[in-house]
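Asker: With the hints as your guide, set chain G onto chain H.
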Amino acid sequence: MSTLQSSEKLSPYHIVILVYMTQFGVIIFSLPQLLSKAFGTNGWVMNLIFAIIVIVNMLLIGAAYWMGKGKSIFVILERAMPRIMLYPLYLFLMFVWSVLGCLVAKEYVLIFQMIAFPTTHPMFFKIALDLLVFWLMIQGIYNISKSITMLFYLTIWMLPVVCFFYADFSWSRLTPFFFREGQPSPVEFVNIFASYLGYELILMVFPYTDKKSKLIKSSIIGSLLLAFIYTYLCIITFGFFSLRQLQRMAFPLLDLMAYIKFPFIERVENLFFGAFLFTTVATVVMYLWSAQETALQVFKRANVKLVAGVLVIFAYVIAFIPDTLSDVQHWLGLFAQLEIGIAFILPLLLVVVLAFTKNKKEAAS
Amino acid sequence: MKNAPIRLRRALICMLLLLFMPGCGDQRILEKLGFVQASSYDLGENGQLEVTITMPKADQNAGQRRDVLSLMARTGKEARVKLTRESNLQLVSGQLRNSLFGMSLARKGLLKHLDTFQRDPSISPRVKLSVVRGNAKSMLERNYPNQPIISRYIEGLLQKESMGQNIPVSTLYTFIRDYYDDGIDPVMPVLRNKSDNIIIDGIALFRGDKYIAEIPADDGMVFSFLRGSFKLGELSIHLSEGEPGGDTVMITSIVSKRKVRVSRSAEGAPEITIQVRLKGTVIEYTGGLSLDRPAEKHTLEKQIDKELVKEANEMIAFMQKHKTDAIGIGIAVRNHMSYGAWKQMKWPEMYPTVKVKCNFHFEIMNAGKVVE
Chain H
1 MSTLQSSEKL
11 SPYHIVILVY
21 MTQFGVIIFS
31 LPQLLSKAFG
41 TNGWVMNLIF
51 AIIVIVNMLL
61 IGAAYWMGKG
71 KSIFVILERA
81 MPRIMLYPLY
91 LFLMFVWSVL
101 GCLVAKEYVL
111 IFQMIAFPTT
121 HPMFFKIALD
131 LLVFWLMIQG
141 IYNISKSITM
151 LFYLTIWMLP
161 VVCFFYADFS
171 WSRLTPFFFR
181 EGQPSPVEFV
191 NIFASYLGYE
201 LILMVFPYTD
211 KKSKLIKSSI
221 IGSLLLAFIY
231 TYLCIITFGF
241 FSLRQLQRMA
251 FPLLDLMAYI
261 KFPFIERVEN
271 LFFGAFLFTT
281 VATVVMYLWS
291 AQETALQVFK
301 RANVKLVAGV
311 LVIFAYVIAF
321 IPDTLSDVQH
331 WLGLFAQLEI
341 GIAFILPLLL
351 VVVLAFTKNK
361 KEAAS
Chain G
1 MKNAPIRLRR
11 ALICMLLLLF
21 MPGCGDQRIL
31 EKLGFVQASS
41 YDLGENGQLE
51 VTITMPKADQ
61 NAGQRRDVLS
71 LMARTGKEAR
81 VKLTRESNLQ
91 LVSGQLRNSL
101 FGMSLARKGL
111 LKHLDTFQRD
121 PSISPRVKLS
131 VVRGNAKSML
141 ERNYPNQPII
151 SRYIEGLLQK
161 ESMGQNIPVS
171 TLYTFIRDYY
181 DDGIDPVMPV
191 LRNKSDNIII
201 DGIALFRGDK
211 YIAEIPADDG
221 MVFSFLRGSF
231 KLGELSIHLS
241 EGEPGGDTVM
251 ITSIVSKRKV
261 RVSRSAEGAP
271 EITIQVRLKG
281 TVIEYTGGLS
291 LDRPAEKHTL
301 EKQIDKELVK
311 EANEMIAFMQ
321 KHKTDAIGIG
331 IAVRNHMSYG
341 AWKQMKWPEM
351 YPTVKVKCNF
361 HFEIMNAGKV
371 VE
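Chains as they are written, first to last, in the UniProt record's numbering: chain H, 1 to 365; chain G, 1 to 372.
These aren't lab readings, by the way, just hints derived from the structure by calculation. Ideal Cβ placement from N, Cα and C applies to all residues, glycine included. Heads up, some of the hints might be wrong.
On the chain H side, residues computed to face chain G include the following (Cβ under 10 Å) [to be verified]: (1) Ile115; (2) Thr120; (3) Leu131; (4) Ser170; (5) Trp171; (6) Ser172; (7) Phe178; (8) Phe241; (9) Phe251; (10) Arg301; (11) Lys305; (12) Gly309.
Only chain G is shown next, with the shape it has when bound in the complex:
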């Protein structure tokens, strides 16, 4: 019994040794690692892939704060192997935050290039994916005087805009999820350079994994209303657009609830009604109605509803024309019928001809600090 504490200590030392010794096997020394924070993929010559990566420099006195490496390869991982030869650091993808795809590559399909993203356990499912108008490499290569760390800049930009519902969230997880789901198509934001900055230019619509069409960024909020329910959003609407001196309403703190109803026409084809209920606060109004009076407030609500319905109908017609179901109408249709009927319907073929009706019901919660 006297030896018990000694034995225990020995056992403990043994355990600790075993616990820490694996660290000697797979060493990861911070100074010797190149943390790839953003990568871009473009279609190169002869169907090759032009891969560019950017990573922060450990030695920040060297002038430039980041390294940008680029080359042609057949696949993303082959590029990584080759790129390692250009760098004194071991490249790792655990800190990858953004991946950009050139427009021409997106048109050809992205799934093949996303295989490694799904397979490699070190890559986070939260990596943000975007399409770049033009060449993605040049966006990544460029220096942004106000934004020394480009990956953080793009990540912040996308994060903020998707929080405000101006663009949909597009991560590796959402893209793959929607690609494999049978009633919805994936989407991504479209980025472009604007002088010394990057700007979100639109929402890329995909059919399968191929870029098909685009919705302008200004219509992002209406797209969000149609795609799902959310809280927190801002919207600026021009009422009686086209006429000179049309009024403008700015609505904030929007809470949106979407419901999709499916009914059958006399011929048995599905008819879809998208019902969106909105609540929000008016923080700017340039029109003549007095928002204190219930009747006039109601008139404004009706005007907003009408404008939103118009925009939504145009957007849905546009998506139907391009055969991309980015708002997931198919999911609602699928969930309203039997499995046999759903499979028989061949939704992708049926989708462009389906009748879709939009209803908006906007409620002004308050009209700010002004009483008229």
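Only chain H is shown next, with the shape it has when bound in the complex:
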């Protein structure tokens, strides 16, 4: 493992924020629109369903955590089968996580470019973001979680700003109908669930926790916090815009922020959007850090900085390919499908492996 890794274990407080920040991403800007398009009237209710799916998944991860007594997933897997067989899996995980990280960053950068710097090359901004990500990811998870806690406080102050919309919010605009005038499809479902992804990365922090960390409980609290904030923002958006208006807005949350007017300043959405950089950085760092942890299993003797550098450059190069916002969103949808697969199948595989090795041990004794 890395020489920079701290031996200190994560605290429950840091885990709550880590999970929340990893999950909170740029998709929130289009989430109300995605919900209104797929589920129609009162689509915000679906947030609760997604939260339940996350918790079920988290309990599955919990089963692997408890059965494996907090051992690293790599240790669990490598005990059961030869490493050479696991390499394809490791490479696959590495690939998916680093590409997901780069797509999230690229989406943020493209939206930023749209509202602020229309003719500057977006990859120029991405260099700045990737450098920050690189410096963070080589610090090890303990320091990452501390930094993310700081980033959390740099963004959470924006929540009270939502009070601005109470005056134009109307319950009657929500309508008493549930899930009418939407076009639900499995693809839309996955696209929306993508806004909840990120929690599954706690699979990678197993070895950095102990009993005091209360990993699963803290993670569930973190994603409940996220579900609460998502639901709150979505209710406000559904009551602020009319349904068909919402269905055709690409980034309703941006429009919502554009509506804020202070007596001394108007058009503050650019400032607010800038602050969302922090939540994006948190998500990207966690994906790339997970890819880095996996890479270190394949290249055991490699230098952490080298691995991190290669991954960041790889992600940067990949990000060149999808160059419009719709391309990025399309790719994000595809990779979210893979990630949902990983989120459910990987812990399931761990549970099976653990049950199998336990049986073998019992039989041997």
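Answerer: Chain G only, in chain H's frame:
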């Protein structure tokens, strides 16, 4: 370890460079920008659009304090491209505050022209929209001796009047929101020139995105009572109108609460009751009742209620006649039934025939400093 501070400094310099360098890419030099503050759209010849913009001049010594440019184009954005050729400045719409639409254009529908307003991220959803009686261009072109900056003048006028509830708020956001909602139609204020000033002349009622009819500005307060709840408003009522020497009451600090009740008639058609509860202070009363005595105060309240009910009924009948649901009765009806029944009802067709009853309940909080 000795090199650590140097390395840190280098990293920091790197970060700062990266942070500020994008500024060189998309330059916005204040002196070279033309901030479009107000724009107007009129129906031109051959279905073309006559677009006019006004922006303040950076060089204020040049005599005129603002530039007004105008031309014919197919769309608003095409006009901007062409207008840029007429100006030494780069036109930007981030400071756009007002957009005016000529009456003839409003009659043909505005949604098409609002597309760019919704699409362009630099345009604020708070841009105020108004209809101009006659030609919008001439309103924008004209010089107002007392008001050198016309966009600020119009914005202030609309802001103040909508705060006092004399006209509804009409921004890009409210117009689009109500256009896409299925139980309400959008509205806009109507402006017109009056000697050297601009005056609010009425409230334009839309069906979809088309101007249909108008309510006189004097009835703006009653319209506000029917459209929603609010605080802060002023109202002057002529009691026993038509008779010679009718009394006048002026009420201020009005707090209004509106409730819409929906019931079903024996045939199953919806019947609507709009219940408005008002509280306010009397600051002028020319009649003979003594407002100290509870019974007489109550009589005056009843007289006011009666007058308001009369005006409200007339207004609703007018809107029903023109098939425009500007006060959002449809929203209340929709929220009182199942989805299937709502879709089956075909509200726009049903609306003109629906029975609407208005109830006003006015309460005088105090009658000022006079005791009689």
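Asker: Decide, hint by hint, whether the structure agrees.
Answerer: Outcome of the hint check:
{"no.": "1", "hint": "Ile115", "verdict": "holds (5 Å)"}
{"no.": "2", "hint": "Thr120", "verdict": "holds (4 Å)"}
{"no.": "3", "hint": "Leu131", "verdict": "holds (7 Å)"}
{"no.": "4", "hint": "Ser170", "verdict": "holds (8 Å)"}
{"no.": "5", "hint": "Trp171", "verdict": "holds (9 Å)"}
{"no.": "6", "hint": "Ser172", "verdict": "holds (5 Å)"}
{"no.": "7", "hint": "Phe178", "verdict": "holds (9 Å)"}
{"no.": "8", "hint": "Phe241", "verdict": "holds (6 Å)"}
{"no.": "9", "hint": "Phe251", "verdict": "holds (9 Å)"}
{"no.": "10", "hint": "Arg301", "verdict": "violated (25 Å)"}
{"no.": "11", "hint": "Lys305", "verdict": "violated (13 Å)"}
{"no.": "12", "hint": "Gly309", "verdict": "violated (14 Å)"}
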